[in-house]
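Q: Guided by the hints, dock chain B onto chain A, whose structure is given.
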Amino acid sequence: MIIAMVLFGLIVLSFLFSVSIYNLLIAMRQNVKNGWSQIDVQLKRRHDLIPNLVETAKGYMAHEKQTLENVIKARQQAVDASGLKDKQQAENFLSSTLKSLFAVVENYPNLKADQHMLKVQEELTTTENKIAFARQYYNDEVARFNTAVQTFPNNVIAGLFHFTKEDFFEIVNPAEKEAPQVKF
Amino acid sequence: MPYSFTQIEKEKGRVIAFVFSALLAFYFVTAFILYVACKNLFFAQYTLKQYQAPFHWQWISGTEALSLFAIAFFCGIGHWVFTVNGLVEKILGILKAERLNPEDKYHAVFRNIIDEVSVATGGVRIEGVVIPVCAMNAFAISDFSGRNVIGVTEGLLARLSRAQLEAVVGHEAAHIVSGDCLSTTVTTAMFEIYHSIRQILGHLMTKGRSSKNGDYGVIPGIFVIYVLLSFASFMGHLLRLFVSRQRELRADAIAVRLTRDPLSLAEALYSVSSRWRGAGLAGEELEAIFIVNPRFDQLDEKEGLIANIFSTHPPVSKRLKVLLDMARSDVSALERKWQEQRGRPRVLAPETRSARADPLSADQEKKWIVNKEGQWQGPFSLPDLMNLGWMRSDTWIKKIGVGEVQQAFENAEIRDFLWKKEQQTGFSCPHCRVGLFSDRYEGASIYYCPSCNGAFVKENNVHRIIIRQDYEFSERIKEAARKFYAQTRRDLPKVDLTPASLYYCPQCQKPKVKMMRMLYTLAYPVIVDKCSFCGFLWFDKDELEILQCMIEDANRENAKPA
Chain A
1 MIIAMVLFGL IVLSFLFSVS IYNLLIAMRQ NVKNGWSQID VQLKRRHDLI
51 PNLVETAKGY MAHEKQTLEN VIKARQQAVD ASGLKDKQQA ENFLSSTLKS
101 LFAVVENYPN LKADQHMLKV QEELTTTENK IAFARQYYND EVARFNTAVQ
151 TFPNNVIAGL FHFTKEDFFE IVNPAEKEAP QVKF
Chain B
185 MPYSFTQIEK EKGRVIAFVF SALLAFYFVT AFILYVACKN LFFAQYTLKQ
235 YQAPFHWQWI SGTEALSLFA IAFFCGIGHW VFTVNGLVEK ILGILKAERL
285 NPEDKYHAVF RNIIDEVSVA TGGVRIEGVV IPVCAMNAFA ISDFSGRNVI
335 GVTEGLLARL SRAQLEAVVG HEAAHIVSGD CLSTTVTTAM FEIYHSIRQI
385 LGHLMTKGRS SKNGDYGVIP GIFVIYVLLS FASFMGHLLR LFVSRQRELR
435 ADAIAVRLTR DPLSLAEALY SVSSRWRGAG LAGEELEAIF IVNPRFDQLD
485 EKEGLIANIF STHPPVSKRL KVLLDMARSD VSALERKWQE QRGRPRVLAP
535 ETRSARADPL SADQEKKWIV NKEGQWQGPF SLPDLMNLGW MRSDTWIKKI
585 GVGEVQQAFE NAEIRDFLWK KEQQTGFSCP HCRVGLFSDR YEGASIYYCP
635 SCNGAFVKEN NVHRIIIRQD YEFSERIKEA ARKFYAQTRR DLPKVDLTPA
685 SLYYCPQCQK PKVKMMRMLY TLAYPVIVDK CSFCGFLWFD KDELEILQCM
735 IEDANRENAK PA
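Chains as they are written, first to last, in my numbering: chain A, 1 to 184; chain B, 185 to 746.
Hints in this document: simulated from the structure, not taken from any laboratory.
Since the model is a prediction, treat every value here as computed from it, not as a measurement.
Be aware that one or more of the hints could be misleading.
To be verified - Think about it this way: if two alpha-carbon atoms lie no more than 20 Å apart in a straight line, the pair counts; the simulated PhoX-like pairs of lysine-lysine are:
no., chain 1, residue 1, chain 2, residue 2
1, A, K44, A, K33
2, B, K289, A, K119
3, B, K280, B, K725
4, A, K112, B, K289
5, B, K714, B, K642
6, B, K725, B, K714
If we strip away everything but chain A, and leave its shape as in the complex, we get:
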């Protein structure tokens, strides 16, 4: 009798334990999704801003048609891209063309002083930063989720309910990858 009760108790305990792990995994996966949607919102915002930027810059830099066309082309590619890998590539390419555009803008003092240009540039800067932060948040959450999915005993539950590893949003610049160590 006692053995049966102990066994029953153990079963109930392990059931409760698995439920808590399952809930934890669900919550973490939700965080990952939330992180991804944040990136998406910011990327869209960037796509919306670029025509505005190009329109403003056009008037001042007649000789830099190529740079501007590159930006427009890269934007179109980024808008059309679907799937994580494609998106990553297109967005990284767009970032690099934008960087070269801003480098060219430095040579046009009139454009640099243009009120509208300053506004668009500030908007783009903040959007770029938001993309970086959203990516950082997403990657942190993915790392936490992946660790949770692969460690024992979570991996048993994860295998049972098909929780699989999520992909990172890769970064071109490897220096950004490292989170600094926090020590006291």
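A: Below, chain B without anything else, positioned relative to chain A:
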């Protein structure tokens, strides 16, 4: 993030339990003391007189204690509700904080930075406010309704770089996401109300004592109230002791996790700690919510048990060391960089405000023809063109001699003109009666007269303009400022107060009230006209720039390595 919302909720419960028991204890002890004192007084006064019995100390019974406890409980609830209701709004009121103005360049950047950091936290909603003073400090507060506010002073906005500002906002956001912001806000604010009443009473009492007839003017009742308030104030301090100074270190660490930029946070901390942090301003009592203690307190810079208990902020040097270790840098490198940046010339050199003229007057030439229902009409000048009642953005137009037939919106010149026209404000110059134009100067909004180049500025914006350093001054202004300074060292300028020379306020237009003419301050005696209704200031030509230039020169002279 290391802190989830469930953890914050748990933290909330702990804060409520802790602060409420402190309140309960306070009211119970107060009620107890008052009741026992009154009972013994009553006993001595009446019972002894009537029955001639020997005096013995009256204690209280269990029922009485229970009812005292009930009274304390209800008082505690009342106090709690009163404090927590609109807590954020009350604190912002005490600090005289203002909402962000989206038109202001610096405010727009600050708003963007808050949004960026909010993304880094995973989408916590944060509001931004500014305190319009020149000091450098930042704070975060939140309340039980889930409202989070980060505020900075104008001095901080003007002097820190974008990365540094981002790091500071990251630090404040760290307080919010880790939930300690809530406990700090509630504990600091709980006895604030009694503290301010006590200060007013104390002020009244000292005034009464120093009055001429030697009458102390303090009735014993007020004195008792004063003692009780002092007790409340002491309780407030006691409660604040539980706000651990370690939370600043933790917030620094989480900020680094959020922004991945320990060096900028170290630079910002160094910069804030070696300048005026806002001592003497309203809200000094709320020191715990600030990034660096607004008062310079020796205790803050010390380690050890006493400092750990009584100080609200850890030593800046310790915080710097932790951050610089993360960034693989050291204090001497930081100091060097700071010194270099002090002497840095300002970024945008070419333009000063006084170079501007009437943007609408240049286009008086009649060189435009317009197509109305198939008929070409004209020629018109640009201002005339805009005054045609039937003119629309898709009307066909042509510039005589040059260009092709276009629709109005396609022409850059017309677009430009319309944009400038929008800047006209409807105010007129008090001196020459022409319309004032609105413009941005040092990122803040001002109105200027195209004819005499006088400037009409809101008082808070004057402070902003003084702190911000976007534009370099021309040699003419620098020379004028030097001359003015040398002259006013000897004797103050004479203020012309003849009624006819005084101005009407361009904004209020009160028919019988003119603006006050006065010196800006005795140290910087530029003559200004101030409207006592709307608080706007009128500067004659170049005076605003001279004021700025003088203050900056003085700051440069006073600047010594910290």
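Q: Work down the list of hints and note, for each, if the structure agrees.
A: These are the hints, each one checked on the structure:
1. K44/A to K33/A: holds (17 Å)
2. K289/B to K119/A: The given pair, whose Cα atoms are some 9 Å apart, holds under the 20 Å limit.
3. K280/B to K725/B: violated (31 Å)
4. K112/A to K289/B: holds (15 Å)
5. K714/B to K642/B: The given pair, whose Cα atoms are some 10 Å apart, holds under the 20 Å limit.
6. K725/B to K714/B: Measuring from Cα to Cα gives roughly 15 Å; hence the hint holds.
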